[in-house]
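If you want the working numbering, it's the 1-based position in the sequence shown plus 3.
I should point out that these hints are in silico values taken from the structure, not numbers from a laboratory.
Check each hint, because a few of them may be wrong.
Here are the computed distance ranges between Cβ atoms for each label pair [as the list claims (entries may be wrong)]:
1) Gln355 / Asp265: 23 to 29 Å
2) Ile64 / Gly227: 47 to 53 Å
3) Pro175 / Ala262: 35 to 41 Å
Glycine included, each C-beta is placed from N, C-alpha and C at the ideal position.
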Amino acid sequence: MSGQPTLLHVLTNLMPSGAERMLEAVGPMAVADGVAPAILSIGESGPGPFAHQLAAAGYAIHHVPFSRDAGFIRRLLRFFRRRPADVVHVHCERAAFWIALAARTGNARRIVRTVHGLFEFDGVLRVRRSLQRAASRRLLGVDSTALSTAVIENERRRFGNPVMRVPAWVDPAFRPAEEEERRRARALLGLAPDTVAVAVVGNCAAVKNHDALIRAVARLRRDGADIRLLHAGHGALEAEERQVAVAEGVADGVRFLGAVDDVRPLLHAADAFAMPSLREGLGIAALEALACGLPAVLTDGHGLRDLRPFGSAVVWCGTDPDSISEALARIARLPPAERAALAAGAPDLVRQRHSAAAGWAAFRELYAWPTVAEAVR
Numbered sequence: 004m005s006g007q008p009t010l011l012h013v014l015t016n017l018m019p020s021g022a023e024r025m026l027e028a029v030g031p032m033a034v035a036d037g038v039a040p041a042i043l044s045i046g047e048s049g050p051g052p053f054a055h056q057l058a059a060a061g062y063a064i065h066h067v068p069f070s071r072d073a074g075f076i077r078r079l080l081r082f083f084r085r086r087p088a089d090v091v092h093v094h095c096e097r098a099a100f101w102i103a104l105a106a107r108t109g110n111a112r113r114i115v116r117t118v119h120g121l122f123e124f125d126g127v128l129r130v131r132r133s134l135q136r137a138a139s140r141r142l143l144g145v146d147s148t149a150l151s152t153a154v155i156e157n158e159r160r161r162f163g164n165p166v167m168r169v170p171a172w173v174d175p176a177f178r179p180a181e182e183e184e185r186r187r188a189r190a191l192l193g194l195a196p197d198t199v200a201v202a203v204v205g206n207c208a209a210v211k212n213h214d215a216l217i218r219a220v221a222r223l224r225r226d227g228a229d230i231r232l233l234h235a236g237h238g239a240l241e242a243e244e245r246q247v248a249v250a251e252g253v254a255d256g257v258r259f260l261g262a263v264d265d266v267r268p269l270l271h272a273a274d275a276f277a278m279p280s281l282r283e284g285l286g287i288a289a290l291e292a293l294a295c296g297l298p299a300v301l302t303d304g305h306g307l308r309d310l311r312p313f314g315s316a317v318v319w320c321g322t323d324p325d326s327i328s329e330a331l332a333r334i335a336r337l338p339p340a341e342r343a344a345l346a347a348g349a350p351d352l353v354r355q356r357h358s359a360a361a362g363w364a365a366f367r368e369l370y371a372w373p374t375v376a377e378a379v380r
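Construct the complete structure from the given sequences, taking the supplied hints into account.
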């Protein structure tokens with residue numbers, strides 16, 4: 004391969020989730036640096052709803068549909084023969100080994116894997132994934148990275164997989180709202196001046212624990228709190244979450260917004276953010292909320308604990324409705340000025356520790372290094 008350097012990211016369905024939002028932020032930086040960035044989706048039925056956003060950020064979008072048979076491997080091999088890339092960056096757990104193998108047959112100069120989640124596999128699956136990680140590392144030259152210490156420790160302990168930490172980043176467009184921006188955003192959502200709006204951003208999956216959050220909001224509303232939950236995201240459990248809201252008598256207190264390409268207006272309208280997940284790799288949506296100056300209610304679990312340096316901006320809770328409601332109440336009962344003061348320093352800390360420019364620079368350097376060991380020295 005010669006000429007303009009090529010970089011291919013590989014993901015499953017392209018959704019408005021953490022990895023995709025990170026890539027959206029650095030796409031223009033890659034183009035400005037003379038790199039030709041592309042994304043391969045292995046979604047089963049199409050590239051996914053966030054594909055157009057990533058295309059607008061400068062990525063060429065490709066699709067190889069996943070299937071649980073040899074046909075998928077053949078399609079991968081054919082793709083990499085026809086569209087070789089200098090650097091292949093794998094972001095998905097599904098078929099990660101086979102993607103790396105196909106990329107190596109396509110003469111990729113570097114293969115990098117970012118492990119975005121806490122994969123707590125046991126039994127035969129744990130053994131198989133351990134062997135695949137070892138083969139990827141030793142035979143295919145794959146170097147692994149992660150965004151949080153929890154993921155790094157899980158990979159080491161569960162799979163014997165050494166992983167290098169690269170800090171997560173957020174788009175610099177996430178910033179505190181100006182007064183008029185906030186007024187317009189709240190008006191569009193029909194929020195009264197005194198209503199405490201809590202934003203939650205994430206797909207409807209069991210690990211996100213949204214049902215407990217809905218029950219927590221219901222308890223506060225029954226106690227007389229003027230609080231409303233704004234839910235951005237969709238997924239397999241959306242219908243069940245809506246049923247929980249109805250059963251708890253808060254259908255009018257939970258607004259389901261569906262997939263939202265740009266969550267900034269939602270965050271600008273909100274008074275607080277909640278992420279009650281059972282586990283997270285890190286929680287990019289939480290970083291985006293903190294960058295907007297929102298106090299956040301986060302579960303005190305693996306992955307999210309990396310956000311402890313944000314101090315008073317985070318109120319920690321358990322995963323049950325009682326604990327979540329208590330944490331929300333601590334924020335909701337404060338006067339608006341005191342509530343805003345909780346996270347007053349968070350935007351600067353996000354810029355210092357999680358800038359997109361620094362994240363792109365770290366990966367660009369890693370792409371050029373032959374081994375992670377040399378990167379660490």
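Now for the hints, and whether the structure bears them out:
1. For the hinted restraint 23 to 29 Å between Gln355 and Asp265, the CB-CB distance of approximately 24 Å keeps it satisfied.
2. Look at Ile64 against Gly227: about 49 Å separates their beta carbons, and that is inside 47 to 53 Å.
3. Pro175 and Ala262 have their C-beta atoms about 23 Å apart, which leaves the hinted 35 to 41 Å range violated.
In this structure, the one hint that does not hold is number 3.
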